[in-house]
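Engineer: Chain by chain, the residues:
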Amino acid sequence: MKKLITKLLKPLQSTKQKDASVISRQQLEAQAKQLTPSLTDNLALLKDYFQSSVDIVYRQFNIGFELQNRALLVYIQGLNDTASIKSDILKPLMYDLAPRLPDDPKQGNLLAMIKDSALPNCNVQETQSTEDVIQGILTGQTALLLESFSSALLIDTKGGEYRAIDEPDTEAVVRGPREGFTENISVNAALLRRKIKDTNLKIEGLSLGTRTKTQIYIAYVQGIANNKLATEVKLRLQRIDIDGILESGYIEQLIEDAPGSIFPTVGNTEKPDVLAAKLLEGRVGIFVDGTPFVLVVPHLLVEAFQSSEDYYSRHYYSTVVRWIRIVAFFIAILLPATYIALESFQPEMIPTDLLFSMAGAREGIPFPAYMEVFIMGVIFEIMREAGVRMPRPIGQAVSIVGALVLGEAAVRAGIVSDPLVIVVSMTAISGFVISSLGDVTPILRLLFMGCAASLGIFGILMGILLILIHLVKLRSFGVPYLAPLAPGNRQSLKDVLIKAPLWAIKTRPRVLGAADTVRQSSGKPSPEK
Amino acid sequence: MLEEGKISTRQFTLMLFCLLQSSFYYNMPQIKIAHLKQDVWLIILVSWAIDAGLAVIFYVLGQRYPNQTMVQYSVTILGSWLGKLVGLSFVLFFASGTTLYLLDISYFLVTTLMPETPIIVFSLVILLVSAYAVNSGLEVIARLSEIIAPIMIISLLVVFLLNLNQVELEKFLPMFQHRALDVFKESLRTISVFGICIVMGMFMAYHNIPKEALKAKLTAITMGSVLAIMILLQLVSVLGVNMSSLEIYPVFRLAKYIEAGDFFERIEPLMVVFWVAGTFIAVTILYYNSVLGLAQILKLPRYQSLTPYVGGVIMLTSMLGFRNVTELNLFIEKIFPYGALIVEDLLMFLLFAISYLRHGKRQNMLRKGGKT
Chain V
3 MKKLITKLLK PLQSTKQKDA SVISRQQLEA QAKQLTPSLT DNLALLKDYF QSSVDIVYRQ
63 FNIGFELQNR ALLVYIQGLN DTASIKSDIL KPLMYDLAPR LPDDPKQGNL LAMIKDSALP
123 NCNVQETQST EDVIQGILTG QTALLLESFS SALLIDTKGG EYRAIDEPDT EAVVRGPREG
183 FTENISVNAA LLRRKIKDTN LKIEGLSLGT RTKTQIYIAY VQGIANNKLA TEVKLRLQRI
243 DIDGILESGY IEQLIEDAPG SIFPTVGNTE KPDVLAAKLL EGRVGIFVDG TPFVLVVPHL
303 LVEAFQSSED YYSRHYYSTV VRWIRIVAFF IAILLPATYI ALESFQPEMI PTDLLFSMAG
363 AREGIPFPAY MEVFIMGVIF EIMREAGVRM PRPIGQAVSI VGALVLGEAA VRAGIVSDPL
423 VIVVSMTAIS GFVISSLGDV TPILRLLFMG CAASLGIFGI LMGILLILIH LVKLRSFGVP
483 YLAPLAPGNR QSLKDVLIKA PLWAIKTRPR VLGAADTVRQ SSGKPSPEK
Chain C
320 MLEEGKISTR QFTLMLFCLL QSSFYYNMPQ IKIAHLKQDV WLIILVSWAI DAGLAVIFYV
380 LGQRYPNQTM VQYSVTILGS WLGKLVGLSF VLFFASGTTL YLLDISYFLV TTLMPETPII
440 VFSLVILLVS AYAVNSGLEV IARLSEIIAP IMIISLLVVF LLNLNQVELE KFLPMFQHRA
500 LDVFKESLRT ISVFGICIVM GMFMAYHNIP KEALKAKLTA ITMGSVLAIM ILLQLVSVLG
560 VNMSSLEIYP VFRLAKYIEA GDFFERIEPL MVVFWVAGTF IAVTILYYNS VLGLAQILKL
620 PRYQSLTPYV GGVIMLTSML GFRNVTELNL FIEKIFPYGA LIVEDLLMFL LFAISYLRHG
680 KRQNMLRKGG KT
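Same order as they appear, the protein sequences are chains V and C.
According to my numbering, the first sequence is numbered sequentially starting from 3.
According to my numbering, the second sequence is numbered sequentially starting from 320.
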């Protein structure tokens, strides 16, 4: 912790250190930041730091009924487990210690005795630096200071209210574990440890954000994950210099390979089993305190089409579902554009009977096809946004209004045609299938609509080629984004275009450059002969 | 080095395949069927044989001058001035190839999809998107062809399979009515088209396993030839000799013929889209090579700065060079093959011979004391 703080402060210090006199003043300041033997001085020092903050609790008491053994307990209300402070710190010190107290407190080193044999807490640290004490208090530890000792004890009593482990809303499954990550980083790390019981699972910590001092954990399985990858992740994290990290989205935007791209090159998950699977493929996870979304890098496009359930259920169905997702993705980005292109440029591609009924439905509509699609698209996006932000009880009202406006009234009023309603609702539903690309599909859809409105099918093709060029150019932590499609790898395609049975996937995805490539050596299961 | 990327054998194969396959969608089958009738598929065999021979020359040259493109090793072989002149002729050949493919694709789109749009719109849009790919580097083009080549193969197979029900075998008769010399004469154009695969001389320098370059090229032209023969045979047997020689784009007509079930018809605009995607790769590959070759001749640190200029020249020639599709086809049929054959075959053979005269029989000319 201390190392990291000095590392973070390095750029600031290096500019100062040009002057020799500045150095000596710094040393003086550092000395001033040491605790003093006087309890009153220490109290004044701490109060000077926290000033008028009302949530800091300063509790002064005597140890073992002895008046000369003054002690001070400092903690922040709500970050600590108050019951544990009462029963595990105050009670042993005030009552239980009384018969065992040495005659001369200075001689017998009361502090060491308390630390070693009076506090039934798991984690107790001794420190002399005020900086450490302040940091400890801010992160939810309790500081214990004694009269005539220039060091303090930091006792881990972290507690307070947290959301319980819950089923995540974003990655709901029919089969598979229901638990999801919470906002508490140590709980999250423990959830991962429960999945991978291996000493090679490394969880390294650092804290980011000059003000928020957010705890970050980097998790990877040593021996599977490529060493270069882990180093690269750490390097990119250390390069971050920002005042606050409030969600993993901050980290995501600050370590991305292609900040200008519309495609996400950093993945995230809310489920421990998904994270464990990704780490076992050779990826690296980044936990951020205060959010259930754990980042996973490198992230490839094909991951959007994979779901944890594919691996838990039988492979035939998984393959079918995977193809349904791919088809849904293409419908979500291409259907409105195709409608525009066919309606305005290539009506001969529509079967004749359908063409007649579509032309009949479009009779009396004042707008060209692309305008129609655009209007409906905007209405839908508004409804979706309203549906997400709105308080739950009003939801029904919006869906009724939406159904009436989108479906019935718009058609009857002659603003849009019937087939278009089908197109827009089909597009909307398909857009929800690939939730992890949720912020990509509307933009792509709009882009292709523009292409189709100007150049028809040819325009769509050129739009697709443009996006394809961009995609094959994109990299996520050095790994080509479109792998294993391009550059192709036949082994890895077993888990992309189809979902091969588990026993047939013997190697890890090659593009990730895993150190240990073999995943399993068990063969096709068969009954004993 | 101008280009840092490396390509794999599979990417090498598929890039050459896209390049080769793209020429079969346009008017080539029409003219050849008009001249050779039922024996048309023989020219593919002739072209295959000649191109395979050419591939060996390239392979040996590429092995003798590793990590050098054909533009670079022509300087190594012929010396600075003459070598640069030869290199420039390669660059001009690539640039003219780009122009011809660009025009082919644009006229095709105007004829089949959007008759009222001015042709320059198509050329310009394709060239702009292509320039983006060119500036992104060889690896990007290679990966792009890795995605598009399978789609091209599948689209051709769909056309082939869905037309099988309309094959009339008697249309194959009479066969073998032409003399060998006639067949050979008619093959000139297809040989020149197959010869466009001299981009192998450029790509081999960036191949991660140069020893497999020959295999890659042979696979590519074999795949291309087999598909071409399949389509030519089907043209003869479904459309018949007469109709095929009247259509400007017989393969497109073949796609129009698809009628499987009662609903699966009129999918030809979809096929057009796939074929245009394939030809886009061809345009990009040739464009890339002309830019890269020119940059190597001029010894520039970055080839990207040349892309707009070369693109402008290509755009201008495509706008001013030909007035209509007939003129274009006449040029491709009567003039282009001779120029192409001089560059592809004669020049390459001379380079090959001079390389042996000047540098003896050593395997690798650059390993010790070689000139760069």
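Keep in mind the hints are simulated off the structure, nothing from the lab.
Mixed in with the good hints, there may be bad ones.
Claimed, not checked - Here are the simulated BS3-like pairs of lysine-lysine, each with C-alpha atoms no more than 30 Å apart in a straight line: (1) C:Lys534 x V:Lys508; (2) C:Lys325 x C:Lys490; (3) C:Lys534 x V:Lys496; (4) V:Lys160 x V:Lys197; (5) C:Lys504 x C:Lys653; (6) C:Lys403 x C:Lys530; (7) V:Lys236 x C:Lys325; (8) V:Lys496 x C:Lys504; (9) C:Lys653 x C:Lys325; (10) C:Lys680 x V:Lys496; (11) V:Lys508 x C:Lys325; (12) V:Lys230 x V:Lys199; (13) C:Lys325 x V:Lys230; (14) C:Lys490 x C:Lys504; (15) V:Lys204 x V:Lys230.
Engineer: Given the hint that Lys325 (chain C) pairs with Lys230 (chain V), does the C-alpha gap stay at or below 30 Å?
Structural biologist: OK: Lys325 (chain C) and Lys230 (chain V) at ~21 Å, within 30 Å.
Engineer: Lys230 (chain V) and Lys199 (chain V): Cα distance at most 30 Å?
Structural biologist: With a Cα-Cα distance of about 24 Å, the restraint between Lys230 (chain V) and Lys199 (chain V) holds, given a limit of 30 Å.
Engineer: Does Lys230 (chain V) lie within 30 Å of Lys204 (chain V) when you go C-alpha to C-alpha?
Structural biologist: 15 Å, holds
Engineer: Can you confirm whether the C-alpha distance between Lys160 (chain V) and Lys197 (chain V) stays at or below 30 Å?
Structural biologist: At roughly 24 Å apart (the allowed maximum being 30 Å), Lys197 (chain V) and Lys160 (chain V) satisfy the hint.
Engineer: Taken at face value, is the distance from the CA of Lys508 (chain V) to the CA of Lys534 (chain C) at most 30 Å?
Structural biologist: Holds - the C-alpha atoms of Lys508 (chain V) and Lys534 (chain C) are around 29 Å apart, at most 30 Å.
Engineer: Between the alpha carbons of Lys496 (chain V) and Lys504 (chain C), is the straight-line distance 30 Å or under?
Structural biologist: 48 Å, violated
Engineer: Under the criterion that the straight-line Cα-Cα distance not exceed 30 Å, is the pair Lys325 (chain C), Lys490 (chain C) satisfied?
Structural biologist: Distance ~48 Å between Lys325 (chain C) and Lys490 (chain C) Cα, so the pair is violated.
Engineer: Hint check: Lys403 (chain C) vs Lys530 (chain C), CA-CA at most 30 Å. Holds or violated?
Structural biologist: Given pair Lys403 (chain C), Lys530 (chain C) holds - Cα atoms ~27 Å apart, limit 30 Å.
Engineer: Compare the distance between the alpha carbons of Lys490 (chain C) and Lys504 (chain C) with 30 Å, and conclude whether the hinted pair is satisfied.
Structural biologist: OK: Lys490 (chain C) and Lys504 (chain C) at ~24 Å, within 30 Å.
Engineer: Between Lys680 (chain C) and Lys496 (chain V), is the straight-line Cα distance small enough, at 30 Å or below?
Structural biologist: 46 Å, violated
Engineer: With a cut-off of 30 Å on the C-alpha distance, tell me whether Lys653 (chain C) and Lys325 (chain C) pass.
Structural biologist: 37 Å, violated
Engineer: What's the verdict on Lys534 (chain C) and Lys496 (chain V), does the C-alpha distance respect the 30 Å limit or exceed it?
Structural biologist: Roughly 26 Å separates the two Cα atoms, so the pair holds.
Figure legend: structure checked against the earlier numbered hints; hints not met, in rising order: 2, 8, 9 and 10.
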